[in-house]
Amino acid sequence: MPHNLRLPAVRWLGALIVLLFGAFVALPAAGAATSGSHPQSIGRASTASVPKVLRVGTEGTYPPFDFNQNGKLTGYDVEVVQQIAQRLGVKVQFVQIPFDSLFAALKAGRIDMIADQITINSERKSLYDLSSPYVDTTGVIVARSSEKNIHSLADIKGKRAAESSTSNWGDIARKAGAKIQTVEGLDQSLSLLQQGRIDVLVNDQLAVKYAIRVTGATDVKIVGTTPDASQSAFAARKGSGFMPQIDTQIAAMKSDGSLKKTYDKWFTVQPKVPSTWDTIRTNLVPMLKGLVTGTLPLTAISFVAGLVIALGVAIARMSNRLVLSGVARAYIAIIRGTPLLVQLFIIFFGLPELGVKFSPFPAAIIAFSLNVGGYAAETIRAAIQSIPRGQWEAASSVGMNYPTALRRVIIPQAARTAVPPLSNELISLVKDTSLASTIIVTELLRKAQDAAAPSGKYLELYSTAAVYYLVVCLILAFAQDRLEGRLGRFVAR
Amino acid sequence: MSDLVQVSGLAKAFGEHAVLKDISLRVPAGSVTVVLGPSGSGKTTLLRALNALEIPDSGSVRIAEVEVDFAKITPGRGGRLSKEQSRLIARYRAQSGMVFQSHNLFPHRTVLQNVTEGPIVVQKRPAAEAAASARELLAKVGLADQADKHPFQLSGGQQQRVGIARALALRPELLLFDEPTSALDPELVGDVLGVMRDLAQEGRTMIVVTHEVRFAQQVADQVLFIDGGSVVESGPPSQVIADPQQERTRTFLRRILDPL
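Protein sequence lines correspond, in order, to chains G and X.
Residue numbering for the first sequence follows my numbering, starting at 1 and increasing by one per position.
Residue numbering for the second sequence follows my numbering, starting at 1001 and increasing by one per position.
Keep in mind that the hints were calculated from the coordinates and are not lab data.
Fair warning: this is a prediction, and the values are worked out from it, not measured in the lab.
Accuracy of the hints is not assured; some may be wrong.
[What the hints assert, rightly or not] Taking beta-carbon pairs under 10 Å as the criterion, some of the chain G residues facing chain X (in silico):
1) Leu311
2) Asn320
3) Gln391
4) Ala395
5) Ser396
6) Val398
7) Thr404
8) Arg408
9) Val409
10) Pro412
11) Ala415
12) Arg482
13) Arg489
All residues carry an ideal CB built from backbone N, CA and C; glycine is no exception.
Chain G on its own, in the form it takes in the complex (with noise of 0.2 Å):
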């Protein structure tokens, strides 16, 4: 086990997390990869304006440069863009995106620009517009305390490291020969390398000065440089025209000192590291309107679709026409057959390369919607079958055909039976939607990794989300309780 475990479940639930994402973060990067060849890598640089509505993106998870504090994204690299903005006489909206996919999200249009603590290099100054630097730093090589080996660059051949796929960081620990596990940002691969599951890690020596600072860590330590110095730049697509008149903004933020100011707040004053308690505490709100305007719309949209879905399926697979029946199965088997989360991914980074792109929340409505369709489809079936044949024989005798047979008798009937079974269906989707964070839908959980990147408090605001969870569970499954009296006062027991 690893050295100077504080709360070893904290780190375990991160283990977790991360290695939960370590996994899906192979997807994003081929959907970048592929988007990649899109035409618009124009060579010659033409003069445009800034769009009058600016759209930036950021990972939102990097502190000090950008994250979420008190439920509002900031930090320095955000605070430059707001200057520049104001200075331009632009808004400026900016986009949440994990790292690895910032630069799939700039090719497809998603965004404007790119504020993530962008390092300059030649590859990016190829496929990109690039800024004038607004920041100078370096990299450092962080490594547990007890570590006695590892000194430099070269010391880190074949060590297990973990990386954003796509950083620059990334990149320059393979070149130094390092086994790169991919991570989503630099508190997932700190917390890793606390856990002894990693042996060292490269990134920006501001972004680790701070989180040691604010998680107040003396579990790791700097123990080397990357020899170069490295600046940032904002990254925009090759041909968008804008990049000199933020030029204009960054020299003149230099020449005021407003930049040395903001990089004051940043880096040098010490961050007020919150307690427990105040984390939660400011993070209370922030959750509860992820859980309001994100899972409730989501689980509710989603289910009701569903049903809709559930029920034409149910009755497509008791037809006796064999291909309506053959693809309500195949329909079902496909449902059942394949991870929700992989549902999600085809339809949010997968479709888009056939032109079919939606945006994360209606993609995660129509993923859920399907999904619900499938598993609701069989319930609904056996609920239908359920009802004796008595009751078809009786609307039959009454003159019913099949359609009115099912609307007035048999459906009512059935519905009671589908309650219970449905109903665990609807509570298994509240917590399902939690997995739309991951296609950067601002929901419960997503509020709380954007709480939980920067303090490093995972027990604590994972089982703050955990609590919101559980109500809205618990209040279902009083619903549910009274809805099956209600639906079940006529039948005689």
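With chain G fixed as given, assemble chain X onto it according to the hints.
Positioned in the frame of chain G, the structure of chain X alone reads:
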């Protein structure tokens, strides 16, 4: 008196097992026919064929103006019929009203709604008119004050009488009763048989499958004894019940009337 129902050469097999073999039958308008027979004799299948709940393999049935030649009705997979065929079957079915052994009332609807369901939903009669005539029918079967209850709140005999009112509400030419008292407690049987006798006295055409021999003696114009899917003996009750000609009929009646 003209025949309301004319059944000729009706046959039906479930797989290898022939349930109906060449059954023919005439029912004069306004008469009561009681069908007797041991269980498995095919009497219930015959009744269900008259309401198209079973589709016979061959033979034909005419009820009032509607005649169906079942040799030409050929259900596909899962009993699916062509549009034309199902339209004919729907017209045929509308000629008769069925009262089931286990009543099969709709548990989620009130007594009144059970009776008005067919008239409103299928026959598209105005709701107010359907409700008014449903209340009359409920009064006729002695349940005027139960209209707003749900089926589970009623006794078995009351439920069966709602079933009768539901069948009557469709204004069929012919009423079919499938062992309407077999599932009832003995002390509730009389109420149901009483209602059926009243209907017979009104001149309704009825076919009743039952084991109530006394009811047959008192009410039936014609008794049919069926065994093994064929009509063994038929005629007025004074003949078939009081003086059966066939040994099988005699054995059956002895078992029913004197089980020990």
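Results of checking the hints against the structure:
Of the supplied interface hints, the one on G:Leu311 is violated, with its beta-carbon coming no nearer than about 18 Å to a beta-carbon of chain X, more than 10 Å. For G:Asn320, the suggested interface contact is upheld, since its CB lies about 3 Å from the closest CB of chain X, less than 10 Å. The criterion of a C-beta within 10 Å of any C-beta in chain X is met by G:Gln391, whose closest approach is roughly 6 Å, and the hint holds. Interface hint status for G:Ala395: upheld, as the beta-carbon distance to the closest one in chain X is roughly 8 Å, under 10 Å.
Interface restraint check for G:Ser396: the shortest CB-CB distance to chain X comes to about 6 Å, inside 10 Å, so the restraint holds. Given the 10 Å rule on beta carbons, the hint for G:Val398 holds: about 3 Å separates it from the nearest Cβ of chain X. Hint status for G:Thr404: holds, given a least beta-carbon distance of 6 Å to chain X, under 10 Å. The interface hint given for G:Arg408 is met, as the beta carbon of that residue sits about 6 Å from the closest beta carbon of chain X, less than 10 Å.
Interface hint status for G:Val409: upheld, as the beta-carbon distance to the closest one in chain X is roughly 6 Å, under 10 Å. This hint holds: G:Pro412 has a C-beta 5 Å from the nearest C-beta of chain X, less than the 10 Å allowed. About 9 Å separates the beta-carbon of G:Ala415 from the nearest beta-carbon of chain X, less than 10 Å, and the hint is met. At about 17 Å, the closest approach between the beta carbon of G:Arg482 and any beta carbon in chain X exceeds 10 Å, and the interface hint on this residue is violated.
Of the supplied interface hints, the one on G:Arg489 holds, with its beta-carbon coming within about 8 Å of a beta-carbon of chain X, less than 10 Å.
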